[in-house]
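Novice: For reference, the chains in residue letters:
Protein chains: 2
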Amino acid sequence: MAAFDFAPLLNSGLPAPAARWTGLAKYSFVGGNNDPGAVPVDALRAAADAVLAREGRALATYGLAHGPQGYRPLRDFLASKLSRDAGMSARADDIMILSGSLQGLDLVNQALLTRGDTVLVEQDNYQGTLTRLARLGVKTIGIPLDGDGMRTDALATVLADLKDRGIRPKYIYTIPTVQNPTGTIMPENRRAELLWLSRAYGVPVFEDDCYADLIWEGRRPRAIHGMSDHGGVIHLGSFSKSVAPALRVGFLVAPWEIMSVLLALKTDAGSGALEQMVLAEYCKPHFATHVPQLVRGLRAKLGTLIEALDAEFGTAAEFVPPKGGIFLWVKLPDQVDAMKLSQAALKRGVSINPGPEWSTDAAHSRSRLRLCFASPSHQEIRDGIAVLAEVCRHEFGVPLRSANVEHSSAGE
Amino acid sequence: MAAFDFAPLLNSGLPAPAARWTGLAKYSFVGGNNDPGAVPVDALRAAADAVLAREGRALATYGLAHGPQGYRPLRDFLASKLSRDAGMSARADDIMILSGSLQGLDLVNQALLTRGDTVLVEQDNYQGTLTRLARLGVKTIGIPLDGDGMRTDALATVLADLKDRGIRPKYIYTIPTVQNPTGTIMPENRRAELLWLSRAYGVPVFEDDCYADLIWEGRRPRAIHGMSDHGGVIHLGSFSKSVAPALRVGFLVAPWEIMSVLLALKTDAGSGALEQMVLAEYCKPHFATHVPQLVRGLRAKLGTLIEALDAEFGTAAEFVPPKGGIFLWVKLPDQVDAMKLSQAALKRGVSINPGPEWSTDAAHSRSRLRLCFASPSHQEIRDGIAVLAEVCRHEFGVPLRSANVEHSSAGE
Numbered sequence: 001m002a003a004f005d006f007a008p009l010l011n012s013g014l015p016a017p018a019a020r021w022t023g024l025a026k027y028s029f030v031g032g033n034n035d036p037g038a039v040p041v042d043a044l045r046a047a048a049d050a051v052l053a054r055e056g057r058a059l060a061t062y063g064l065a066h067g068p069q070g071y072r073p074l075r076d077f078l079a080s081k082l083s084r085d086a087g088m089s090a091r092a093d094d095i096m097i098l099s100g101s102l103q104g105l106d107l108v109n110q111a112l113l114t115r116g117d118t119v120l121v122e123q124d125n126y127q128g129t130l131t132r133l134a135r136l137g138v139k140t141i142g143i144p145l146d147g148d149g150m151r152t153d154a155l156a157t158v159l160a161d162l163k164d165r166g167i168r169p170k171y172i173y174t175i176p177t178v179q180n181p182t183g184t185i186m187p188e189n190r191r192a193e194l195l196w197l198s199r200a201y202g203v204p205v206f207e208d209d210c211y212a213d214l215i216w217e218g219r220r221p222r223a224i225h226g227m228s229d230h231g232g233v234i235h236l237g238s239f240s241k242s243v244a245p246a247l248r249v250g251f252l253v254a255p256w257e258i259m260s261v262l263l264a265l266k267t268d269a270g271s272g273a274l275e276q277m278v279l280a281e282y283c284k285p286h287f288a289t290h291v292p293q294l295v296r297g298l299r300a301k302l303g304t305l306i307e308a309l310d311a312e313f314g315t316a317a318e319f320v321p322p323k324g325g326i327f328l329w330v331k332l333p334d335q336v337d338a339m340k341l342s343q344a345a346l347k348r349g350v351s352i353n354p355g356p357e358w359s360t361d362a363a364h365s366r367s368r369l370r371l372c373f374a375s376p377s378h379q380e381i382r383d384g385i386a387v388l389a390e391v392c393r394h395e396f397g398v399p400l401r402s403a404n405v406e407h408s409s410a411g412e
Numbered sequence: 001m002a003a004f005d006f007a008p009l010l011n012s013g014l015p016a017p018a019a020r021w022t023g024l025a026k027y028s029f030v031g032g033n034n035d036p037g038a039v040p041v042d043a044l045r046a047a048a049d050a051v052l053a054r055e056g057r058a059l060a061t062y063g064l065a066h067g068p069q070g071y072r073p074l075r076d077f078l079a080s081k082l083s084r085d086a087g088m089s090a091r092a093d094d095i096m097i098l099s100g101s102l103q104g105l106d107l108v109n110q111a112l113l114t115r116g117d118t119v120l121v122e123q124d125n126y127q128g129t130l131t132r133l134a135r136l137g138v139k140t141i142g143i144p145l146d147g148d149g150m151r152t153d154a155l156a157t158v159l160a161d162l163k164d165r166g167i168r169p170k171y172i173y174t175i176p177t178v179q180n181p182t183g184t185i186m187p188e189n190r191r192a193e194l195l196w197l198s199r200a201y202g203v204p205v206f207e208d209d210c211y212a213d214l215i216w217e218g219r220r221p222r223a224i225h226g227m228s229d230h231g232g233v234i235h236l237g238s239f240s241k242s243v244a245p246a247l248r249v250g251f252l253v254a255p256w257e258i259m260s261v262l263l264a265l266k267t268d269a270g271s272g273a274l275e276q277m278v279l280a281e282y283c284k285p286h287f288a289t290h291v292p293q294l295v296r297g298l299r300a301k302l303g304t305l306i307e308a309l310d311a312e313f314g315t316a317a318e319f320v321p322p323k324g325g326i327f328l329w330v331k332l333p334d335q336v337d338a339m340k341l342s343q344a345a346l347k348r349g350v351s352i353n354p355g356p357e358w359s360t361d362a363a364h365s366r367s368r369l370r371l372c373f374a375s376p377s378h379q380e381i382r383d384g385i386a387v388l389a390e391v392c393r394h395e396f397g398v399p400l401r402s403a404n405v406e407h408s409s410a411g412e
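In the order they appear, the protein sequences are chains A and B. First residue of the first sequence: 1, per UniProt numbering; consecutive thereafter. First residue of the second sequence: 1, per UniProt numbering; consecutive thereafter.
There could be a bad hint or two in this list.
[Stated by the list, open to error] Far from chain B by the CB rule (all over 12 Å, computed), these chain A residues:
#, residue
1, 142
2, 144
3, 189
4, 299
5, 335
6, 339
7, 366
8, 382
9, 394
[As the list claims (entries may be wrong)] Pairwise CB distance ranges, derived in the manner of DEER restraints:
#, chain 1, residue 1, chain 2, residue 2, range
10, B, 300, A, 260, 38 to 44 Å
11, B, 202, A, 256, 46 to 52 Å
12, A, 21, B, 378, 43 to 49 Å
13, B, 361, A, 289, 56 to 62 Å
For the record, the hints were derived by calculation from the structure and aren't laboratory data. Ideal Cβ positions, reconstructed from N, Cα and C, are used throughout, including at glycine.
So that you can see chain A by itself, here it is in the shape it has in the complex (with noise of 0.2 Å):
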């Protein structure tokens, strides 16, 4: 008998078909896998213990109980972390839960966008954001950034001329402490200028603050929301950097107005209850002391990326080192298609994030990539980047065989 063809059924203007899954690559320096070493197991094991004996028969009912916004004890947490790191003064009331930040990203988008819409993004940016904003047909006009995050002189530029046009874009999204891929902080001073444009143009600003625990100096500059005195700003956040990607937990902040929209909006009778309560029971006591010893074997990783890079690539790899976070943002020669290099590397066994799916701009990102240095091992990370840099040499001519026999006199 004929299988049942679903194809005439089928929506258009779906996603390519996912192919069955294979595997993570030998060398995995993709996506936002953390540190395997550094997942506190025991706390979390404890942790877990305690809140379901003290109130796991509340996992009968619907998010515990607590309502849509999600486990009150860990908005509690958020609302006194928050005030603490990132000078925001919102409470309990004014967090929501998210099944990661992602759904926040969804939720946002959902309320906000229509085909046609434009937004205002950095011009090197999440994946997951840039691919969102293509399928739903909004047109995603990148700032240029520098050391210090999106430039807002080009932003203002952008704005003036948008409204020239009659354009009102519907958000400004940034990533402004450890931006991805880049790895810079905005100063507070730019997080000001970013507000008045805010302001003075009727456009609100999307924060993703997702890896704002991560950086090696420590304190970070008060977020934008925290910053704000006008509530035009949507503030998003998650565990999955801090504690583990695996855990779907995230979390938004953002003023009543637009807070009860997306609640509406988000359908799934609430974010996993256990996830929550575990985070939640865990981070009250050990969060403030887990966070700089998890930044520490980072920083110790992108050491060793950075010199596996320089005795593999020499000065075909540029870069500057981020002050935070888990990814390093390449440029190598501009012979090299980033894009092609990925596919020949993971025949290899190495897989990296070309940079064409990170950026807005297509010839500015062609020569780049995106390593995530905080899942391999250091092992891992010397062996992949000399992988990388056989391959990139075969089917690029770089790096120059000289960089690799400087590297194999210097380690006799």
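Position chain B relative to chain A; hints supplied.
Specialist: Relative to the frame of chain A, chain B by itself:
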């Protein structure tokens, strides 16, 4: 300074903004909440501890590196459970784990439905399905039910009529095993008829089997998916009813042709891993003994609810006892407007689901209501139904006082 005004930026056609959460009613008969006493807290604690100790470090990687279909041991458990209980021959590769079965509704709808499309559903139905279809602008045709679930004779008539008019519905959505809200179970011969119609008209079956574990008699009919030989069935299930609703873990079984499309649409970076891990660890040794125990408790609560309705409403409350599940679907006299009753009852601390929110037929459901008996205690069921009867009498003159007097005498 004036607060930022989001209103001009919002999309049109959004649902009404959420109201502030004010907690559950004192006597809550709404939603799919379950019995707090039946949550297997100690076994979940042991499962959490064991699986975190063994695999906790994997939380550093999105999806535990098990791929977008979810935690492999949970899919292995499901493959064996579905084979044993539901006669399905799904392998782990045919199963995707969801963040609750609602995500399955959203993914399937995203893949198949466009404004103006037609779908067929059971006339009395799950509210979450009906509101989703309404928001998508889909034409939803309700097929009448009898004691054996969706009437396939009526389905055949509707399909033939639609075909005459050149309309091919996108799917037939059914809850065949403990239908929500009527509590019926479709026998296998009718399932075979439904499959015959599905093939004859080229319309896939979307089988929502969320309540299928909760059956008084234990044995369930084979799933429609298990009886199909043409692959035109998408099967949906959940742990919300069998273990705990606040855990957001559901699953979907479908041929790769449609599964691969749904996976491409699932852009949430994986469903919560800790909940999947704990469930797999718990279910493998405990599921088969936990469920009959849970079911015995639910059936006892149904007994209490039926006694309370008989005592307080007498003949004014008509119903057919369900064959399983957590709901009773009650018909009150025609003068009762269930929407008004639900509002008046809420003021007295009793929450109920009014029929019109659970049906495609406003007239048929006007005086009906759905009562969840799993969540309140036996005493809360008795007290809540007494208050509901009082409110109903005050608002609509039924039940007559005599029913209550009989109850009082009987109780002395």
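Novice: Among all the numbered hints in the text so far, which are the ones the structure does not match?
Specialist: none
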